[in-house]
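S.K.: Produce the complete structure using the sequences and hints provided.
Protein chains: 2
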Amino acid sequence: MAEQDKAPKRTDVNTLGEFGLIEHLTKSFPLRNPSSLKGIGDDAAVIDNGRFKTVLSTDMLVEGIHFDLMYTPLKHLGYKAVIVNLSDIYAMNARPTQITVSMALSNRFSVEALEEIYEGIRTACDLYKVDLVGGDTTSSPRGLILSVTAVGQGEADKLAYRDGAKVGDVICITGNVGAAYLGLQILEREKQLYLDNPGVQPKLEGHDYLIERQLKPEARRDMIDHFAKAEIVPTAMIDISDGVASELFHICKSSKVGALLEESGVPIHPDAEYQAISFNLDPITCALSGGEDYELLFTIRPEDVDKVKYLPDLYIAGEIVPAEDGVMLNSKGGKLHPLTAQGWSPFNPKNN
Amino acid sequence: MAEQDKAPKRTDVNTLGEFGLIEHLTKSFPLRNPSSLKGIGDDAAVIDNGRFKTVLSTDMLVEGIHFDLMYTPLKHLGYKAVIVNLSDIYAMNARPTQITVSMALSNRFSVEALEEIYEGIRTACDLYKVDLVGGDTTSSPRGLILSVTAVGQGEADKLAYRDGAKVGDVICITGNVGAAYLGLQILEREKQLYLDNPGVQPKLEGHDYLIERQLKPEARRDMIDHFAKAEIVPTAMIDISDGVASELFHICKSSKVGALLEESGVPIHPDAEYQAISFNLDPITCALSGGEDYELLFTIRPEDVDKVKYLPDLYIAGEIVPAEDGVMLNSKGGKLHPLTAQGWSPFNPKNN
Numbered sequence: 367m368a369e370q371d372k373a374p375k376r377t378d379v380n381t382l383g384e385f386g387l388i389e390h391l392t393k394s395f396p397l398r399n400p401s402s403l404k405g406i407g408d409d410a411a412v413i414d415n416g417r418f419k420t421v422l423s424t425d426m427l428v429e430g431i432h433f434d435l436m437y438t439p440l441k442h443l444g445y446k447a448v449i450v451n452l453s454d455i456y457a458m459n460a461r462p463t464q465i466t467v468s469m470a471l472s473n474r475f476s477v478e479a480l481e482e483i484y485e486g487i488r489t490a491c492d493l494y495k496v497d498l499v500g501g502d503t504t505s506s507p508r509g510l511i512l513s514v515t516a517v518g519q520g521e522a523d524k525l526a527y528r529d530g531a532k533v534g535d536v537i538c539i540t541g542n543v544g545a546a547y548l549g550l551q552i553l554e555r556e557k558q559l560y561l562d563n564p565g566v567q568p569k570l571e572g573h574d575y576l577i578e579r580q581l582k583p584e585a586r587r588d589m590i591d592h593f594a595k596a597e598i599v600p601t602a603m604i605d606i607s608d609g610v611a612s613e614l615f616h617i618c619k620s621s622k623v624g625a626l627l628e629e630s631g632v633p634i635h636p637d638a639e640y641q642a643i644s645f646n647l648d649p650i651t652c653a654l655s656g657g658e659d660y661e662l663l664f665t666i667r668p669e670d671v672d673k674v675k676y677l678p679d680l681y682i683a684g685e686i687v688p689a690e691d692g693v694m695l696n697s698k699g700g701k702l703h704p705l706t707a708q709g710w711s712p713f714n715p716k717n718n
Numbered sequence: 367m368a369e370q371d372k373a374p375k376r377t378d379v380n381t382l383g384e385f386g387l388i389e390h391l392t393k394s395f396p397l398r399n400p401s402s403l404k405g406i407g408d409d410a411a412v413i414d415n416g417r418f419k420t421v422l423s424t425d426m427l428v429e430g431i432h433f434d435l436m437y438t439p440l441k442h443l444g445y446k447a448v449i450v451n452l453s454d455i456y457a458m459n460a461r462p463t464q465i466t467v468s469m470a471l472s473n474r475f476s477v478e479a480l481e482e483i484y485e486g487i488r489t490a491c492d493l494y495k496v497d498l499v500g501g502d503t504t505s506s507p508r509g510l511i512l513s514v515t516a517v518g519q520g521e522a523d524k525l526a527y528r529d530g531a532k533v534g535d536v537i538c539i540t541g542n543v544g545a546a547y548l549g550l551q552i553l554e555r556e557k558q559l560y561l562d563n564p565g566v567q568p569k570l571e572g573h574d575y576l577i578e579r580q581l582k583p584e585a586r587r588d589m590i591d592h593f594a595k596a597e598i599v600p601t602a603m604i605d606i607s608d609g610v611a612s613e614l615f616h617i618c619k620s621s622k623v624g625a626l627l628e629e630s631g632v633p634i635h636p637d638a639e640y641q642a643i644s645f646n647l648d649p650i651t652c653a654l655s656g657g658e659d660y661e662l663l664f665t666i667r668p669e670d671v672d673k674v675k676y677l678p679d680l681y682i683a684g685e686i687v688p689a690e691d692g693v694m695l696n697s698k699g700g701k702l703h704p705l706t707a708q709g710w711s712p713f714n715p716k717n718n
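Protein chains in written order, with our numbering: chain A, 367 to 718; chain B, 367 to 718.
Treat the hints as calculated values from the structure; they're not laboratory data.
Honestly, I wouldn't trust all of these hints.
In this list, chains with the same sequence are indistinguishable; a pair is considered to hold if it fits within one copy or across any two.
To be verified - The calculated DMTMM-like cross-link candidates involving lysine to aspartate or glutamate, where the alpha carbons are at most 20 Å apart (straight line), are:
1) K375 to E482
2) K673 to E478
3) K524 to E556
4) K524 to D574
5) K393 to E481
6) K495 to D574
7) K393 to E478
8) K393 to E482
9) K495 to D414
10) K393 to D672
11) K595 to E629
12) K582 to D648
13) K375 to D591
14) K675 to D562
15) K532 to E481
16) K375 to E478
17) K393 to D492
M.R.: The structure is reproduced here in structure tokens:
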């Protein structure tokens, strides 16, 4: 009956990849309002409001794609749904102020289940001092979908976009990377063991750190405070949701530069290193391609290095180079390897 | 494995109703940022930005709940997903400027199918002069979910909330109501006939108006222009997404007043009247309880009536009365009937 049945051509969405697909679909949308300072293609959109700019970001979490309720407590899910959006606002060097939460859910969810989700949302709002100001709650024939939009505020001359990295800038990474991915692997392994033998209790002891990185990530508000105190504005910044490699490619593409990433500068937590090895995985591959760490990847001018190098939890991980030098990894053994973005690869089961 | 399995108590979400559920879940969220002027409980949230206020609204459309792809062309779906959000911004007497679109879709959708959805989104952006500035595209195990957030701008002293209606104010309705609901009934009937006998072509001729009201609604930007020219600010305003009765209850509850609605003042299109009768439905019931017309319901001070009564497509439909007089319908026969809100009733298959 409807038009789409007549479509003669059928291109599978996977052929374009996530970012290719978004680019393809949105390329012919001009920005016509003078207040639209930045549209698609950064962590958040930027809307003009005089000296302060409104920053806007949205993310959708889908059951069976982004989370598995077999091992995700609902409270953690609500918390994480907020955090992933706040992380995008911080990645603009801005501060989140409001969120809206839309939710579609099937009738297998009780009011008590929803209360748990909202308990997690409230905890995130309390901790990060943001206000829940709207949303939509609706039915779904199946499964749970959470769509959160975050609004933030930043000063016009302090916003950090993806496109400002210059040759010679220093690449920095906060915290550590790869742990959330390894936490997911542990949860998936225990789920499989449980499904194969429901009498067996999952063994999660000793993996607290990795599991918490997966189930209850935090956003790096502290870094935004550090930048303000140290009076630095990163030349480019992005949050690490899809993996360091993928995010570095975004910065390089937007800034029209290349990068030389030092393997020795990529921070990996000892638990993540140990767990990667026990899974027969390469720790640096997990660190570069595993997603959901919600750390920050940013570049600063070389003269600002002295201002950041004593900051806690911040690692200098390489240098921006000319575009023609490509995006390379300098291994601990001193060999150069071309990096590959893993934004939509089969490697990362949580990609989207 | 997860916490939710242990929950001892289980309350079905339907017991609270949509609005009860939202109120229950969000009651303990305080607003702590001084820029959060208005949170949950109106058509849109209001964020302070000096003289101009940022208005923020979000709506989610779920396949199988809000739309049926058997009779909804994808282009229309994209268009409508934008319109329902713009309508919320206009209902604040503000103007939409930006939108974000998040989409979850299963792999049964091709790139061409997505292009059609975005074609509809683009048409709405062009016509209403709003910019698409962000979003998220992700997988879903099943079905299509669209979540749109609209951002708008309004002048501080011209925003129309739900809570400003005063006793003696005049109730107005734009356009006509009930047609979108009857369009849906026609589409559902033809779908059933088609499913029972796939050889039969659907008979939609002669129903163009009603079907267009369902599949391709418009938002009443023109009214916002009229208000500006006539220098009126409605004392309360809401868009008619769930039906006149439900929306009037929202205004009365927020404003702590009652209402006397005149049956003779509720505008019904002749096609809708005819179609209701041929379906053995009461036209006024369809007009009051059928949703998705996206017209505006608003109240104005009695001294402003002269400024609006010659406006095209605007109908005076009653008066605000003290809360203790309740929310009543004065029938054409001169009898008073208590109105009931139909926000989450089995009557409206498209409710929520």
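S.K.: My question is about K595 and E629: at a cut-off of 20 Å on alpha-carbon distance, are they close within one copy, between copies, both, or neither?
M.R.: For K595 and E629, neither the intra-copy (29 Å) nor the inter-copy (64 Å) Cα distance is at most 20 Å.
S.K.: One pair to classify: K532 and E481, alpha carbons no more than 20 Å apart. Within, between, both, or neither?
M.R.: neither (47 Å within a copy, 35 Å between copies)
S.K.: For the identical chains here, do K495 and D414 meet the 20 Å Cα criterion within one copy, between copies, both, or neither?
M.R.: between (23 Å within a copy, 16 Å between copies)
S.K.: How would you classify K375 and D591 at a CA-CA limit of 20 Å: within, between, both, or neither?
M.R.: Neither, since 51 Å and 43 Å both go past 20 Å.
S.K.: Within a copy, between copies, both or neither: which one fits K524 and E556 at a CA-CA cutoff of 20 Å?
M.R.: neither (45 Å within a copy, 57 Å between copies)
S.K.: When no copy is specified for K524 and D574, does a C-alpha distance of 20 Å or less occur within a copy, between copies, both, or neither?
M.R.: Cα proximity of K524 and D574: none, with 37 Å in one copy and 53 Å across.
S.K.: Should K393 paired with D492 be assigned to within, between, both, or neither, using CA atoms and 20 Å as the limit?
M.R.: between (38 Å within a copy, 14 Å between copies)
S.K.: At 20 Å max between alpha carbons, let me know whether K675 reaches D562 within a copy, between copies, both or neither.
M.R.: Neither: 49 Å inside a copy, 72 Å across copies.
S.K.: First find the shortest C-alpha distance between K582 and D648 inside one copy, then the shortest across copies, and answer within, between, both or neither for a cut-off of 20 Å.
M.R.: Neither. Shortest intra-copy (24 Å) and inter-copy (53 Å) distances fail the 20 Å Cα cut-off.
S.K.: Using 20 Å as the alpha-carbon threshold, which applies to K393 and E478: within, between, both, or neither?
M.R.: This pair counts as between: shortest inter-copy Cα distance 15 Å, intra-copy 43 Å.
S.K.: State whether the alpha carbon distance between K673 and E478 is at most 20 Å within one copy, between copies, both, or neither.
M.R.: Close neither inside one copy (48 Å) nor across copies (50 Å); limit 20 Å.
S.K.: Could you figure out if K393 and D672 sit no more than 20 Å apart (CA to CA) within one copy, between two copies, both or neither?
M.R.: Neither: 40 Å inside a chain and 47 Å across chains, both beyond 20 Å.
When held up to the earlier numbered hints, the structure conflicts with 2, 3, 4, 6, 10, 11, 12, 13, 14, 15 and fits the remainder.
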